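Student: Here is how the chains run, residue by residue.
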Amino acid sequence: MMEPAAYLLLSGILFGIGVVGVVARKNALIILMSVEIMLNGVNVAFIAVGSHLGDVTGSVFAFMVMTVAAAEAAVGLAILIAIYRLKETIDITELNVLKW
Amino acid sequence: MFLGNLESLKYFLPELAITATILLLVAAHVASKNRRSAAPALLSLAGVGASLLLVGLLPGGPGTSLFEGMVALDGFAVFFKALTALATIVVVAMSMDSAELKDKSQAEYYIFLLSVLLGMFLLAAATDIVMLYLSLELVSIPSYLLAGYLKGRARSTEASMKYVVYGATASGVMIYGFSLLFGLTGTTHIGEIGRGLALGKATLPMFLAAAMVTVGFGYKIAAVPFHMWSPDVYEGAPTPVTAFLSVGPKAAGFAVLVRFFYTVFATPDAAAGMWKFSSVDWPLLFAVLSAVTMTVGNLVAINQKNVKRLLAYSSIAHAGYMLMGFVLLTPVGLRAILFYLVVYLFMNLGAFYVVILVANGTRSEEISDYSGLGSRAPFAAVALSVFLFALTGIPPFSGFIGKVYLFAEVINRGVYWLAVVAALNSVVSLYYYARIVKVMFLEDPRESAVLPVPAFPRAMLCLLVLPTLVLGVYWEPVIRVAADSVKLLAF
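Protein chains in written order, with the numbering used here: chain A, 1 to 100; chain B, 1001 to 1491.
Simulated from the structure, these hints should not be mistaken for laboratory data. Bear in mind the structure is a predicted one, so any value in this text is a computation, not a measurement. It is possible that some hints are incorrect.
[To be verified] If we take Cβ atoms under 8 Å as the criterion, some of the chain A residues that face chain B in the derived model are:
| hint | residue |
| --- | --- |
| 1 | M38 |
| 2 | L39 |
| 3 | V49 |
| 4 | L53 |
| 5 | V56 |
| 6 | T57 |
| 7 | M66 |
| 8 | A71 |
| 9 | G76 |
| 10 | I79 |
| 11 | A82 |
| 12 | L86 |
Backbone N, C-alpha and C define an ideal beta-carbon position, used for all residues, glycine too.
So here's chain B without its partners, still in its complex pose:
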């Protein structure tokens, strides 16, 4: 049936590698006198790199749940582990370049960062609500600390206070939903919960449970109306942390959302090659949520003056786009989400990377201070323009292909109203993304001094621009990997 604890260990090597790195970092923190050395960063790069390698080397797994049914090892989990590990590597590189974090204790920062990564690994794989809750909290609790890492700064501390209050409340509501599910079915394994619910007739408690669980997951992916924390946290947190939160935990949130809803509230329909929802009509609910999320994100982004806050609203809008693939209950829709997450990782992290580099030079994150960046730091300005146009979804950049896959499946399934809303939203988003590009290239600089961009960030930016451009013309291998990864372990 399920694999026992000892036999599972050999499938658990990526997580063990990260755990070992965290423990090493703790030891290094205690032993070392120099709190600002670069050693912890390099150690975490090595640890996450090793774990990414192990994720890649591991075979598909035993085809059953590990640890007595606690976590699954399937293509879906492997995909999200690789994705979040990759994001963490980029964020570690960013953090090494960030002037904000230079005077802070380094080892602790990376301990929190890697703890979140461990939580995301488990969250993407969790198949038991106990495990799911614990890994969600393992993602959340270090995130609160990361958001408040610039302790003496009012913005950072305020961000982390708001994050704690929203996060703790959302997870409390979610776990009340879990207790309802446990009460209805008498089991904590999501496969069995799904089967139990399919038999039952208790519509109201089931609907309540679905709604309450949605609060928890919606908060993780920052979907409207559970998004209130995200602009404040994204603006107040140190920029590398903002970049991390906007990609890593969001991706892990999508992973758990898909696995949970497709297992508990839907059943695979082998004949049609898709899923069909049981019990509650949640796809319609989520379609509305998706439309509202992208509209609110895009409309509020228009008026923003702070780049980080603008990117926060833009990332809310992108969560809305990705939710479109979630409501269709088809493998093709899921494939579109996975592909979009890959594309989104590069373009969003790239945009934040430029924000960090500019803030290192100007000490400002206001859009007005980007004026004349095209002449002050041409390389960074061009890179930022590429990322912003990719986020808009303009060909030939990768964001366009990501959107094409999402839109195509929505139209294929005949949900035309959603496709129309999304298309209108893309137009709105062009306005505020292009505004930054306009400020950078068409407005006169306030200062004419050249903003230096050192060699290492320059190379990293190249590494992020390259996939953004290449995936816009040659995306075949990635979409194939995404299609292979859709296979959710069925129970």
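Only chain A is shown next, with the shape it has when bound in the complex:
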């Protein structure tokens, strides 16, 4: 039984850093890393709540999130390499073939 408030605050901060990174940065690699920070913020929340409740479900959920994050990163980096081979840059503002 631990008090989760501080950990939830930490999770909110991590999540916020991630969101700001996704929105503000232009480098696709940094954006993918920011998404990982968001997911880690979620993990902290799940584990904090789970251990507060004495329930392992929270930790199990965090494991699932980590697994999915790894799969997502693998796919994201593969696509990043494909982009770099075509354009020699991973700046997302250079991705402008498709627009209205």
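For chain A, the structure is supplied; the task is to place chain B on it using the hints.
Tutor: For chain B alone, coordinates are given in the frame of chain A:
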């Protein structure tokens, strides 16, 4: 209470059939030297066909959740499994005809396609937020790869990069919402979360959680303002993939949206025969979302020059129409969504099929290159006109009946402003759909060479035109199936 893991397996045969097909495809990919053979396509057709058969043969299920409360087997899930499997079969047939995909490795493509299908099966049935998250990602991650399958082409790679960034962010926001729900209620089963929330008084976290979950689901069904990815992805992806994304994952997104919101943020009201929302007033929020979605989709579609991009905006607008049935909290409204999804499957896949056939001949997806198609490929042009008029919702085509059911229930429940917005939108949509028909039949062709349409695509087009026409005059059996499928498993 919940069915254990081993007893659940016998209700899980459709998913097992797809999993077996995926594994066979992996083995075939490793074993075979010829990357372009048609064998993987035929194998996936057989696998998805078998799984569709199993879905049809399975009884209603044990009336409880399978796998210790992870997935439900109810009429609702069975309906969406049949729908998505049917869409996948049509898309496999399309992919076999597509010139874009001819030189690409075949087996891998079908592995991704069937993985998405497996994800959609689970997504339509998930009753636990862990399962829900995993199946949503099982739909998303192979979709990123499918969108970028034409690796050397800038458009395709760009589409998949944008898809990854939007998708990963949206699902990250959604899962933060899940963590709030888990924190509020201490459980991951959606039925129990619903009961826990009904007792609680924590309005702000609950509202935050609802909004964050909406981001994830809204991205899946491409509702405004979470639609930004869809025009780019739809334009850049190979056309069969675009057709698939616009029907399959969208339908599965609606399935999970309905199941989640009707279980977690609403309670069944047996006396009135409908649901009533608890905690947050989300129906009003979604009504506004629905109106904005259809308006943005239709208004932006007017100016499009690329057929795939136009159909992307049109599919955003159609998601808006279907959301109308979602906000009413009545079984009749849900029935209208289910019926509309069936109708939408045939007309939208049919339109994309013609786009593929034309692109095979002209190497172009610009609307201006459709000029004179009426004389160059009369059959394809007439079929495309049928699909476009059905998408508009003009009688006697099936799209009209679908819209009638949606509009009727909206008016019945007295949400007149939404009905008016939707009716105005239908008028706007007539303009851009009819413009393509005008280009095809009234403008002189730039080239006069006949565009050949081989026998197999011709037969497939007939199979897609037929339901579009027949459901416009005789829709009784389908609406009955839809009405039977509305029964959501309650917990």
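Student: Hints first: check each against the structure and report whether it holds.
Tutor: Outcome of the hint check:
| no. | hint | verdict |
| --- | --- | --- |
| 1 | M38 | 4 Å, holds |
| 2 | L39 | 6 Å, holds |
| 3 | V49 | 4 Å, holds |
| 4 | L53 | 5 Å, holds |
| 5 | V56 | 11 Å, violated |
| 6 | T57 | 6 Å, holds |
| 7 | M66 | 12 Å, violated |
| 8 | A71 | 6 Å, holds |
| 9 | G76 | 5 Å, holds |
| 10 | I79 | 5 Å, holds |
| 11 | A82 | 5 Å, holds |
| 12 | L86 | 6 Å, holds |
Taken one by one, the earlier hints fail for this structure at numbers 5 and 7, listed in ascending order.
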